[in-house]
Amino acid sequence: MIRIENLHKSFGSLEVIKGIDLHVRPGEVVCIIGPSGSGKSTVLRCINRLEQPTSGRIVVDGKDITDPKTNMNLVRAEATMVFQQFNLFPHMTVLHNVTLGPVKVRGLSKAEAEKRGMELLAKVGLAEKAHNYPDQLSGGQKQRVAIARALALQPKVILFDEPTSALDPELVGEVLEVMKQLAREGMTMVVVTHEMGFAKEVADRVIFIDGGRIQEEGPPEEFFSNPKNPRLRDFLGKVIAH
Amino acid sequence: MAFQFEPGVVVETFPMLLRGLKLTVVITIGGLFFGFILGSVAGLMKISRSLFLRKLAGIYIETIRGTPMLVQAMFLYYGVPMASGVRIPPIVAGIIVIAVNSGAYIAEIVRGAIQSIDPGQMEAGRSIGLTRSQTMRYIIWPQAFRRMIPPLGNQFIISLKDTSLLMVIGVGELLRTGQEIVAVNFRAFEVYMAVGIVYLVMTLGIAKALRALEQHLRVLPEK
Numbered sequence: 001m002i003r004i005e006n007l008h009k010s011f012g013s014l015e016v017i018k019g020i021d022l023h024v025r026p027g028e029v030v031c032i033i034g035p036s037g038s039g040k041s042t043v044l045r046c047i048n049r050l051e052q053p054t055s056g057r058i059v060v061d062g063k064d065i066t067d068p069k070t071n072m073n074l075v076r077a078e079a080t081m082v083f084q085q086f087n088l089f090p091h092m093t094v095l096h097n098v099t100l101g102p103v104k105v106r107g108l109s110k111a112e113a114e115k116r117g118m119e120l121l122a123k124v125g126l127a128e129k130a131h132n133y134p135d136q137l138s139g140g141q142k143q144r145v146a147i148a149r150a151l152a153l154q155p156k157v158i159l160f161d162e163p164t165s166a167l168d169p170e171l172v173g174e175v176l177e178v179m180k181q182l183a184r185e186g187m188t189m190v191v192v193t194h195e196m197g198f199a200k201e202v203a204d205r206v207i208f209i210d211g212g213r214i215q216e217e218g219p220p221e222e223f224f225s226n227p228k229n230p231r232l233r234d235f236l237g238k239v240i241a242h
Numbered sequence: 001m002a003f004q005f006e007p008g009v010v011v012e013t014f015p016m017l018l019r020g021l022k023l024t025v026v027i028t029i030g031g032l033f034f035g036f037i038l039g040s041v042a043g044l045m046k047i048s049r050s051l052f053l054r055k056l057a058g059i060y061i062e063t064i065r066g067t068p069m070l071v072q073a074m075f076l077y078y079g080v081p082m083a084s085g086v087r088i089p090p091i092v093a094g095i096i097v098i099a100v101n102s103g104a105y106i107a108e109i110v111r112g113a114i115q116s117i118d119p120g121q122m123e124a125g126r127s128i129g130l131t132r133s134q135t136m137r138y139i140i141w142p143q144a145f146r147r148m149i150p151p152l153g154n155q156f157i158i159s160l161k162d163t164s165l166l167m168v169i170g171v172g173e174l175l176r177t178g179q180e181i182v183a184v185n186f187r188a189f190e191v192y193m194a195v196g197i198v199y200l201v202m203t204l205g206i207a208k209a210l211r212a213l214e215q216h217l218r219v220l221p222e223k
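Taken in sequence, the protein lines are chains W and C. Just so we're aligned: 41 in the UniProt record's numbering is position 41 of the first sequence, and the numbers increase by one with no gaps anywhere. Just so we're aligned: 186 in the UniProt record's numbering is position 186 of the second sequence, and the numbers increase by one with no gaps anywhere.
I should point out that these hints are in silico values taken from the structure, not numbers from a laboratory. One or more hints might be untrue.
As the list claims (entries may be wrong) - Computed Cβ-Cβ distance ranges for the label pairs, DEER-style:
id: 1; chain 1: W; residue 1: Glu-5; chain 2: C; residue 2: Phe-33; range: 48 to 58 angstroms
id: 2; chain 1: W; residue 1: Glu-177; chain 2: C; residue 2: Thr-63; range: 55 to 65 angstroms
id: 3; chain 1: C; residue 1: Leu-53; chain 2: W; residue 2: Gly-237; range: 47 to 57 angstroms
id: 4; chain 1: W; residue 1: Ala-122; chain 2: C; residue 2: Phe-145; range: 29 to 39 angstroms
id: 5; chain 1: C; residue 1: Leu-51; chain 2: W; residue 2: Ser-165; range: 35 to 45 angstroms
id: 6; chain 1: W; residue 1: Glu-128; chain 2: C; residue 2: Pro-68; range: 53 to 63 angstroms
id: 7; chain 1: W; residue 1: Pro-169; chain 2: C; residue 2: Arg-147; range: 46 to 56 angstroms
Unchecked claim - One side only, chain W facing chain C, incomplete, derived with CB under 10 angstroms:
id: 8; residue: Ala-79
id: 9; residue: Gln-85
id: 10; residue: Phe-89
As the list claims (entries may be wrong) - Which stretches of chain C does chain W cover? Using the computed rule of at least three CB atoms under 8 angstroms from a CB of chain W, they are:
id: 11; region: 79–88
id: 12; region: 111–124
As the structure is a computational prediction, the values presented were derived from the model and not from experiment. Think of the CB as a built atom: it goes at the ideal place given N, C-alpha and C, for glycine as much as any other residue.
All chains, please: the whole structure from these sequences, using the hints.
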């Protein structure tokens, strides 16, 4: 579904990603963890080219996105993103947030898009908020709308960029619940997260990035119970202590 | 002979100003209509990815902001026909001057409002597969437009008042009409007071209308 080969990314003279290879299979849930500034969000943002990779190759759903001829708009709809800060459109109702992409990008009729939008809002438990504006929602509700907005595009993969980091602790659970449900339904997901519990429970594979490189990867049981890389041991020690 | 204020003359003056008032309104509305289009285009050019477009918009904005409108009007009306051989009717020249002049200021208003929108909005738009221009149209512009309203109101008021300068190119607008009345009745105090009152009523009207529009749009909340 996603194949990353030897990805490098520099901001000016600062090299953030120093050669990353990653292969995500259809239906797989991959969690990326690592200290802040390690480059994990940048990897995600290169996958839908919100950041331009400096070098390397990224193939998403069979399309080489590093090829300038690729229509990135369609790729972005196939590999859509859920943001830390939600980034809902504040001037549109919740339902309109969810239907905009399907209508403008997928060419659905408004009626069709609204019907499906309502189903998706029901799925994330927010059908009764369809005609509210984002400002009238809590952080957890906003993020669930953002997930519904992503699902409405019927993407092949959803990229989650620290989806619970901006939430009050008591609101994290409701968002993770929705994400777990998606994982069970077979959605391909790449999740940059600090939620070790979620990674342990849901991920098929966990990846630890530090210093712009993948330091360790593996299935969660092994990854968390028997970390080999000393940096990962150090990182897990700090995170789990809390 | 002592000066004696005659309120009756002020009142009598109002209907005589009507012809000039019409022209002032026509030029203001026409000028601001084209000025808003021009300003929006120049404002978008100012934040475009093309260096050429950015420079072009920059030159336009700096030139217009850096020269008096009176000079711009006289240059267009008296100067340009000498070079082009085509005379422009005063009203048309007036509308062009107001449009080109207000456009330069509106460009900066548009640019500032668009740049004040959280970059996450553009990223979110792109992430659901919208193109850059679709994101601008459906997501950035509607939010930016609300933030433009108060500074646009200011600019509308300034442009309305600036139409009075067009009397130098022979546009029979409000102030010019007043001047013609004074030439007949010599009641400069009363006539120019009446002229001032008419401008004041219009500028207060613009301010009120834009406040109402702002309120109306605010019913839909913004973060």
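What hints, given by number in increasing order, does this structure fail? Violated hints (numbers, rising): 7, 11; every other hint is consistent with the structure.
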